[in-house]
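> Protein chains in written order, with our numbering: chain A, 1 to 336; chain B, 1001 to 1200; chain C, 2001 to 2190.
Source of the hints: derived by calculation from the structure; they are not laboratory data. Wrong hints could be hidden among the right ones.
In silico DMTMM-like cross-links for lysine to aspartate or glutamate, where the CA-CA straight-line distance does not exceed 25 Å [stated by the list, open to error]:
#	chain 1	residue 1	chain 2	residue 2
1	A	Lys136	B	Glu1176
2	C	Lys2099	C	Glu2155
3	B	Lys1120	C	Glu2155
4	C	Lys2150	A	Asp233
Label-pair distances were calculated between CB atoms; the ranges are [to be verified]:
#	chain 1	residue 1	chain 2	residue 2	range
5	B	Cys1025	A	Leu68	25 to 35 Å
6	C	Ile2058	B	Val1194	26 to 36 Å
7	B	Leu1188	C	Gly2140	31 to 41 Å
Some chain C residues close to chain B (C-beta under 8 Å, calculated; not the full set) [what the hints assert, rightly or not]:
#	residue
8	Met2001
9	Arg2006
10	Leu2011
11	Ser2015
12	Cys2018
13	Ala2021
14	Gln2036
15	Asn2040
16	Lys2062
17	Glu2088
18	Ile2117
19	Tyr2180
For glycine and all other residues, C-beta sits at the position ideal for the given N, C-alpha and C.
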Amino acid sequence: MKAADLTVSTGSHWHSGARITDFSYNTLLALIPAIAMGLYRYGVCAAGVIGTAVASAMIAEAAMQKILGKPVRIADGSAAVSGLLLALLLPANTPAYMVVVASVIGITIGKLCFGGLGANPLSPALVGWAVLRITKPWAGYLDFDLALINYDLGFSMQYPLAVLKASGSSGLQDFNTWNLFLGNQTGGIGASAIVCVLGGGLYMIARGLVRWEIPLCFLLGVIIASCLFRLVDSAAYAGPLFHIVTGNVMIGAFFLSTDNSSAPINRWGMVAFGLCCGMITVVLRVWSVYPDGVVFACLLMSLFVPLLDKLKATPIVVRPTRAQITRKTVEGGASS
Amino acid sequence: MSVFKEFTKGLWQELPPFRLVLGLCPVLAVTKSATNGLGMGLAVIFVLTWSNILVSALRKVIPRKVRIASYIVIIATFVVIVEMATQAFFYPVYEALGIFIPLIVVNCVILGRAEAFASKNGVFASALDGLGIGTGFTISLVVLGGLRELVGAGTLFDVEIMSAVYRSHSFSFMLEAPGAFICLGVLLAIMNAVSAPSSS
Amino acid sequence: MKEIIRMIVVLSLISGVCALALSGFRAATAERIEDQILQNVQGPKVKLVLDKAENDIINDRKTISVNGEDVLLFIGKKGNEPWAIAYESTGGGFGGDIKVMVGYDIGNDTLTGIQIISHKETPGIGSKIAEDQFTKYFKGLATSTNFTTKPQGGEVDAISGATYSARGVCEAIRNSVEIYPQVKKQMQAQ
Chain A
1 MKAADLTVST GSHWHSGARI TDFSYNTLLA LIPAIAMGLY RYGVCAAGVI GTAVASAMIA
61 EAAMQKILGK PVRIADGSAA VSGLLLALLL PANTPAYMVV VASVIGITIG KLCFGGLGAN
121 PLSPALVGWA VLRITKPWAG YLDFDLALIN YDLGFSMQYP LAVLKASGSS GLQDFNTWNL
181 FLGNQTGGIG ASAIVCVLGG GLYMIARGLV RWEIPLCFLL GVIIASCLFR LVDSAAYAGP
241 LFHIVTGNVM IGAFFLSTDN SSAPINRWGM VAFGLCCGMI TVVLRVWSVY PDGVVFACLL
301 MSLFVPLLDK LKATPIVVRP TRAQITRKTV EGGASS
Chain B
1001 MSVFKEFTKG LWQELPPFRL VLGLCPVLAV TKSATNGLGM GLAVIFVLTW SNILVSALRK
1061 VIPRKVRIAS YIVIIATFVV IVEMATQAFF YPVYEALGIF IPLIVVNCVI LGRAEAFASK
1121 NGVFASALDG LGIGTGFTIS LVVLGGLREL VGAGTLFDVE IMSAVYRSHS FSFMLEAPGA
1181 FICLGVLLAI MNAVSAPSSS
Chain C
2001 MKEIIRMIVV LSLISGVCAL ALSGFRAATA ERIEDQILQN VQGPKVKLVL DKAENDIIND
2061 RKTISVNGED VLLFIGKKGN EPWAIAYEST GGGFGGDIKV MVGYDIGNDT LTGIQIISHK
2121 ETPGIGSKIA EDQFTKYFKG LATSTNFTTK PQGGEVDAIS GATYSARGVC EAIRNSVEIY
2181 PQVKKQMQAQ
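Here chain A stands alone, though its shape is the one from the complex:
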């Protein structure tokens, strides 16, 4: 690949020495366990959703780059990753037209309208998902209880967060935290395979492709906020462990919030970003109309990234001690 191909419009990445292709293909690799789990659970339906999402995202990117007169760069894999992340959030039997609309809008309006990879203020996958979520006649397909009603996978087919919303934490006796962690829960194709997502996320951190600050602080934010709610009323609000092992928190912490161009680049920015994402997630889960709030929390915080990028650790000025000053004056002779 020529060096010019690696130039992106803004240089605001944390440089790990990796190229865009490395990042994309490693993300795909890291998500393979979650995909495999989804395919194992939901079979060919899941394959259809993933295939549709990835294909339409790549086609949309190529077409849009052609229309805008830019070089076509779908080979860098970033569109494929966006499509894949979107698919992993959806129920296995999402109708194809919804998947196509979401990934095309996510890629064209969420990414290329802002100047393409590196210049997008929001993650394309999240934009696509949010569009589906607020389209009322389609919302039924995103309601996991309703969407996956024909599946029986040997565990409770009720969406844990919907149960929490309807009947408070007292309704959660059927759910075992360890079971939920192993991925025995209803949810998105890949997002519900918590342990696989966690493994993939750790791989990304180990390769240095994802900074550890955001995921860690994301989970920390979830813990802090859910503990605060629990202090108020432990019968109504679920505990921190439950929040971490359900819904999109795991995939949100490791893959959604760490999207390259919509996350901060400084350490303190990342810490604030992660904490706020986590806390807003819990707040939305408690007070919003929707059962899960991960995507909206990430979108909201992404809008604050230009501000968070200003959060830099102030350089510590080491003042010379009196002894050093005297030594210096002695060495320098009689210089006032």
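Starting from the structure of chain A, add chains B and C where the hints point.
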């Protein structure tokens, strides 16, 4: 001929929402349907034309230092008249447009025309300017509202266009606030792309 | 100095003329506007509440005073005889006041039905109080019914997830039932 131009400039060269990018608040908020867009547009034509006529007629009487206050009083009067008239004679329209009728007072297009045109030109030219800009505003609202209504609900002016299957699964995202922004942005982009060769 | 006086005079004149024009227009349309609001906002709900009435309910309305407060009373007639009455009352919901139109059959002191006139509850959750599913429950209940939700020891089924909203409706109905005997007496006296 030049007088005629005062009317036609509002239809393309100075099309308010797309060219001047003014008055976007009602443009985004009330265009859930073509009917709403039309109602809002007609209200704006009325207010804009009459306020232009009055401002132009009084342009030599109003002292410069209190001109904005005077314009606002004049505009507000016509807006309240429109509000009461819609409430009395077109109640469904009044219900659909709600708070956005009183908000015409702060619509930049109207104050902008009063300040930029009517205060410097004759009564007849100002009236034509108001009519033209208002018509352009109305057309923009109807186009945007029609597009959003067609995609978002499958109807146009409340007439069912799309099949029943489409209407029960319509892409109602277009009727939500984000849909309004995206739709406006796409239309702006298309308009710029269309008129780019002529300007360069 | 002359300039300041001119500014004051011009601005006051413009404001004065505008105010005059507006008050004139207001006087001309006030009656029609009031009629339109009745026809379009309360009218359809009243017609649903008093669905068996044969007269023009909106025209057969009167204002009476109960405990010092004005109550707008809608009267439904069968043939020429008053058969039922309806009036609005208010209860506190989750997001704000809930206005409920409650209709009464004055023959046997039962509810002919309720309709939610306006509410500010959460869309999709609390807003279920405005759906037929919830409101039809009250049809035919005696005024002596204990209008509180079941969790509070009453007889009304609460909506899951919308306890406060259902309670608000019950509160409005209780407020309405409370003044019902006086309203009925005044109506029959006239």
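> Given the range 26 to 36 Å, decide if the beta-carbon distance of Ile2058 (chain C) to Val1194 (chain B) lies inside it.
violated, 52 Å
> Can you verify the interface hint for Glu2088 (chain C): is its Cβ closer than 8 Å to any Cβ in chain B?
Violated. Min distance 18 Å.
> For the restraint on Asn2040 (chain C), tell me whether the closest CB of chain B is nearer than 8 Å.
This interface hint holds because 5 Å falls under the 8 Å limit.
> Tell me if the interface restraint on Tyr2180 (chain C) is satisfied: Cβ within less than 8 Å of some Cβ in chain B.
violated, 31 Å
> If you take the shortest Cβ to Cβ gap from Lys2062 (chain C) to chain B, is it below 8 Å?
Hint violated; Lys2062 (chain C) Cβ to chain B Cβ min 23 Å, cut 8 Å.
> Would the pair Lys2099 (chain C) and Glu2155 (chain C) pass a check requiring their Cα atoms to be no farther apart than 25 Å?
Within the cut-off at roughly 21 Å; holds.
> Do the alpha carbons of Lys2150 (chain C) and Asp233 (chain A) lie within 25 Å of each other, as the hint requires?
holds, 22 Å
> Go through the hint on Met2001 (chain C) and say holds or violated, using the shortest Cβ distance to chain B against 8 Å.
Where the cut-off is 8 Å and the nearest Cβ of chain B is about 13 Å from Met2001 (chain C), the hint is violated.
> Tell me if Leu2011 (chain C) is really an interface residue toward chain B, meaning its C-beta lies closer than 8 Å to one of theirs.
holds, 5 Å
> Minimum Cβ distance from Ser2015 (chain C) to chain B below 8 Å?
Ser2015 (chain C) check passes; min Cβ-Cβ to chain B is 5 Å, inside 8 Å.
> Evaluate the given range 31 to 41 Å for the C-beta pair formed by Leu1188 (chain B) and Gly2140 (chain C).
violated, 57 Å
> Closer than 8 Å between Cβ atoms is the bar; does Ile2117 (chain C) clear it against chain B? Give me holds or violated.
Violated, because the Cβ-Cβ distance from Ile2117 (chain C) to chain B comes to roughly 14 Å (cut-off 8 Å).
Hints 3, 6, 7, 8, 16, 17, 18 and 19, counting from the list given before, are not met by this structure.
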